[in-house]
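Peer 1: Spelled out, the chains give:
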Amino acid sequence: MSLKLRPFWFYLIPLPLALAALFFGPSEQMGPDRVLSSMRLLFGGAASADETALARSILWEVRLPRILLAFLVGASLTVSGTALQALFRNPLVAPEILGLSSGAAFGAALALSLGFLPLQATAFAFGLLAVGLSYLLARGRKGVSILALILSGIIISGIFTAALTVVQFLTDPFKLQTIVHWTMGNLHNANWDKIRSAVIPMALGGIGLFLIRWRMNVIALGDEETRAVGLNPEREKVWILLPAALAASAAVAVAGIIGMVGLAFPHMVRMLVGPDNRKTVPVSLAFGGSFLLVVDTCSRTLASFEIPIGIFTTLIGGPFFIYLLKKSRFTMGEE
Amino acid sequence: MILLWTAFFLGSTPFSATASSTAVEAKDLRGKTVRLKQPAQRIVCLIESALSGLYMLGAERQIIAVSRNVYTGDVFPRYAALDERIKDRRLPAPGNWDFVNLESVVALKPDLVILWSQQTEVIENLERQGIPVFGVFIRRIEDIYQEVRSLGRLTGREKRAEDLITYTQKEVERFRSRLASLGKKERPAVYYMWAQGNLETSCGGSMVNELIALAGGVNVCGDLISEHQVVNLEKVLTWNPQVILMWYNERKDPRHILEDPQWKGIKAVKERRVYEFPEVFWCDLWTLKFLYAVKLTAKWLHPKRFQDIHLEAERDKMLRQFYGRVVSGRP
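Going line by line, the protein sequences match chains V and F. Numbering-wise (our numbering), the first sequence opens with residue 45 and increments by one. Numbering-wise (our numbering), the second sequence opens with residue -3 and increments by one.
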């Protein structure tokens, strides 16, 4: 069962949502009750130059990059999950399955522990490396079988997790804490640099998946059927895998491991608009980004000491997901 | 050069330097020079050890936010006794060495934020917005002196800073001079145990190593350069330390080590020379109060040479010197 809502409505959500999110934050500056006065502050009608500077700082340097980053990360993970679930014809697949998260986590831990490697770049590189290794391992003479790919993903994932544990074991407890925090997922250190570093691979991945969205429908039918319509399934797999891995690696590299997004959000999208990938891909971008933005806004506003976003998404995403599954008896593309 | 610089500052700054409008600058522990237009008046200090330094400097009125750790755990009653605002929980706590709520910090409009130098992402975010950050990272005693000296300069209290450092150095020397005649054989082998686990220790190149050396002992793993090291039990058995020092530990007492069958072959256990440091506020190794840790350790290692020393009296004397009073307030 799915609601089959028109995708159009989802494209209307992000902008107003992002604007609204600007007026929520842990400090008393510019709360929702002060929207108007804050607007005035922003547009020069401030009481003093000092206040304008503070308002600018908080809105422009703290809240806005975080809002954008939350949206980009949510959109990337969701669209990547949607694409991989279509590719694998398996609803249990998420970007993590190819070893991406463990690879990126290992890279991040290495960078944090050694101190001279750039954090995001290293995490990104190892995330992609893990996916690449999974793919190469799974490659046989007859191409890449889905089962082999999942299996090699699990193995690569296990190896990187073990390597991560070794790094953690050798790291002193203070730095260890930073690594642990990274693996919990975080958006609270968002800034423009992070956005700059992540936006290109995210955009490449997102646009790539958007352009080939209709082919996902073919791939989802299986290798034989793909060949029957004159497409080479091996090449199509690479064209889905590559952008999906790019987008998800960039997301994990800037925000750490944010659980459940890549797995649960694509399901929600399919429940909302149906399994047609021509719709699910763009809706994944709009809905996934918006949803994570809402969750992150809650996480940074509700308590003065925020719960890391990765924990938060898992804690609320998990039960919600179970509820939806129970309620709709949803299965992958079949009704 | 440093002397000249200090002299220049001492000469040029009025005695009640707080209200001075002269620009100040000092190096933090990242080696970065922090420049302020005037001594800091709105300090957000998220590192507890540096905070204790600010109280020693008498700069508490310039503090507008503190580390969350101040409100939790054993140090709370001490800080509550030092500052009414902490007692009433009126001072905001927008983070600690581990997590920082960026927006709350920015909203406080600080003119100086004190962070752990490894919090690179937060530091970068704040500095980009023009908020000066003082990064703290203590590995040696010299680092503590530098921290106090620099914070003294940035708060307009360099005279007080020099007094604190001179006092500490003199007191360390008072103890060390009694140990100068020790032969190599008279320096006991010491194993140091952190609260995280029996096998977590600090080797060469660490504050702990300096502490043990100053107190007339030899760290069993002093040859290995490692700030924090997890060792295995066989190693400890081979080292066979004569004394075991335990950092303050909520879950464990020396009794636990003395009764542990795995540890019973060790000399320190046989001779019942296992000692635990008292609550961290008295002897925090990352502050000038490491002085009390030196005194404790010296007496534990060489009880005969320090027979005349009364540790509690020493502690109270130190607290009076550092905070102007014996900081009581039972936990």
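Don't take each hint at face value.
Which bits of chain V does chain F cover? Going by a derived footprint, with three or more residues having C-beta under 8 Å, they are [said to hold, decoys possible]:
id: 1; stretch: 166 to 175
id: 2; stretch: 219 to 231
Residues of chain V placed beyond 12 Å of chain F at every Cβ, according to the derived structure [claimed, not checked]:
id: 3; residue: Phe52
id: 4; residue: Ile57
id: 5; residue: Leu61
id: 6; residue: Ala64
id: 7; residue: Leu163
id: 8; residue: Leu180
id: 9; residue: Ala206
Since the hints were made in silico from the structure, they are not lab data. Glycine included, every Cβ here is placed at the ideal spot set by N, Cα and C.
Peer 1: For this structure, which hints from the list above don't hold up?
Peer 2: 1 and 7
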